[in-house]
Each structure stands twice: as C-alpha cells, then as structure tokens.
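**Student:** Sequence:
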Amino acid sequence: MKRRTFRVESTLTGRTVSEALAAELGLSHEAAERLVGVGAVYVAGRRCRDAKARLAQGQVVTAVLEEGGESSLAEAPAPAPSLRVLHEDEDVIAVDKPEGMTAQPTEGRVGDSLVDRVGEYLKRPAGLVHRLDRETSGVTVFGKTPQATTALAEEFREGRARKRYLAAVGPVELPSQGTIDLPLSKDPSRPGRWRATRAANGIPAFTEYRVLHAGRDFCLVELLPQTGRTHQLRAHLTALGAPILGDKRYGGAAKAGGLEAPRCLLHAQALELAHPRTGAPVRFEAPVPEDLSRFFAAAGVVVPSGPIRPLDVAARG
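Just so you know, my numbering puts 324 at position 191 of the sequence shown, and the rest follows in order with no gaps.
Take the hints with a grain of salt, since some may be wrong.
Claimed, not checked - Below 30 Å or equal to it, Euclidean Cα-Cα: the simulated BS3-like pairs (lysine-lysine) are:
| # | residue 1 | residue 2 |
| --- | --- | --- |
| 1 | Lys319 | Lys388 |
| 2 | Lys256 | Lys185 |
| 3 | Lys319 | Lys256 |
| 4 | Lys135 | Lys319 |
| 5 | Lys381 | Lys319 |
Hints are computed from structural coordinates only; laboratory data are not their basis.
I would like the entire structure built from these sequences, with the hints used as guidance.
**Tutor:** Here it is in structure tokens:
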C-alpha cells in the first residue's frame, strides 16, 4: 500500500481538503477531488468524503494513493451482477457474494464492497458479522437490526456457526477425511500471506476436510473450518501441498485437467446457525459458481447439499 501523510501547518490552515491535497501531493484539483470522492482520504484518522471541508491547524491528513498494486484513482471495476439474495426476513439477510468483491470498503475505496451493495438494497446500513476474501464466493449473512447483528456475531465468535466450503486443489494424496491442526502466523518473507506451521508462535486453527474426488489432475475437497482465521483454508491446504487452484498468492495452478482456474476456486457453499430472534437452526446455501462447477462436472461429482455433516469420530484428532 502506498500512502502519503502530512500535518496541516499555517499555510494550509483554513484551506479545503482538495486544495491541501493538490498543494502537498502535486495533484490537479480534479484528481484531488476524485481521491476524496472514492474514499481514499482520511482527516484526523477518519475517512473524509467532503472535498470542500476546511482544515484546522494540526490535523493530520492521509491519502491512500495505491492499494494492492492499483492506483486509488483507477477506474472502478465493472459493476458486479445484481445482488443474489438467498434468504431475507425481518432480522436477517443472507446473500451470495460474487468473487472479486471485497466484503467491506477498503482503505483506498468505498462504494464497491458487499456491505455497500447490501446497504443500498436495504436502504440502510447492514450489519456485517463475518467476511470472505475478495476472490472467495458464497454465503454471507448480515443482521438487519442491531440486536440481530449482535446475536449473529456471537454465533461466529463462540464457534457455533457451522460452515461448508468447497474447493478445487492440485493433485495430492490425502486420507479420505481428516483434521488439519496447524497454527497460523503471518509469513515474514511474503507480505500478505499466512503460513500454517508449528515452527512459529501462531494462533490455533482447525480445519476438517473430506475428499470428494482424488484425480490425477486435480482434487475436490469439502472443508469444514472449526475456527475462522484469516486465510485459514488457503494456508492449511497449501501446507498439505495442495494449494487451491487459481490462488496466485499461495501458488495455486492457473489450470488443471484442461480447465481454467481464473480465480481462487474457493466457495462458501453452506452456513448453519441459530436464527437471532427465534433461536431455531437455519441453513443457507449458495449455488456453486460456473468456474468451480466445471471441475465438479468434469469429475462426475455431485455437489454436497443439505445439512452439514461432521466427520466420523475416528477421523478427528
């Protein structure tokens, strides 16, 4: 991430945010206003969306100029498909997050995240309680009231929410099912990556898995994370020698068996938790997108559906 920070001194006191950005960063006034407009400017630690706001002496201004290797002033990506609502009632809305969309606004841009899209749909803020990576598709739930959001967040925090992910990975010999018990820690040699190893002082992470197809070219796996760590499934599978196909950050192949893997082929297919109002168990399922379903079709494997089945007791531990 590339950012510039400056403190408002006497020469900038009373000037507008866009005027100060233009003066300090050498931007045109149009570019400075666009930087504010996309949400890439912070004043006194808070995102500023008013280019004409007047600055006070001593305030600190930060501009995110580049994020993820892309300029904050780059054109926004093409609009994603219309929001696919899987379930909605007075307390909860469950949607199918498309791949390529962030769960929430990033430091360098607002307006094109899932929480923005759901908020637009509801015409009020949505309560985000869990997150999927940008390239991961699938079930995401939001609370529609503060009480529902709190209850849903507790389901995840206490580990009561049960999740089923599906992934296509490189060919590897694995038991038909098992548990991955490897702590996660940031990889100091590769920024943005996590490593799954006992050699570092990491945070506990547990993933149960079931092999759905073991082929010469690729494997299909069902993943049942028991903890919800950043990049947990991606790092755990990489540690087993089976990075997810299309996962450039973790070394996943771009194709397998003659099929393209245009993104990290990981899909959050099902989620089970207690309804925040009634406490009754509910399950939401998201159809497998075409890029991953091609691998299921090629392998002749039926996509799992229905209740999330735990592993056999003998496969745990």
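**Student:** Which of the numbered hints are not met once you compare them with the structure shown?
**Tutor:** Hint 3 contradicted; others consistent.
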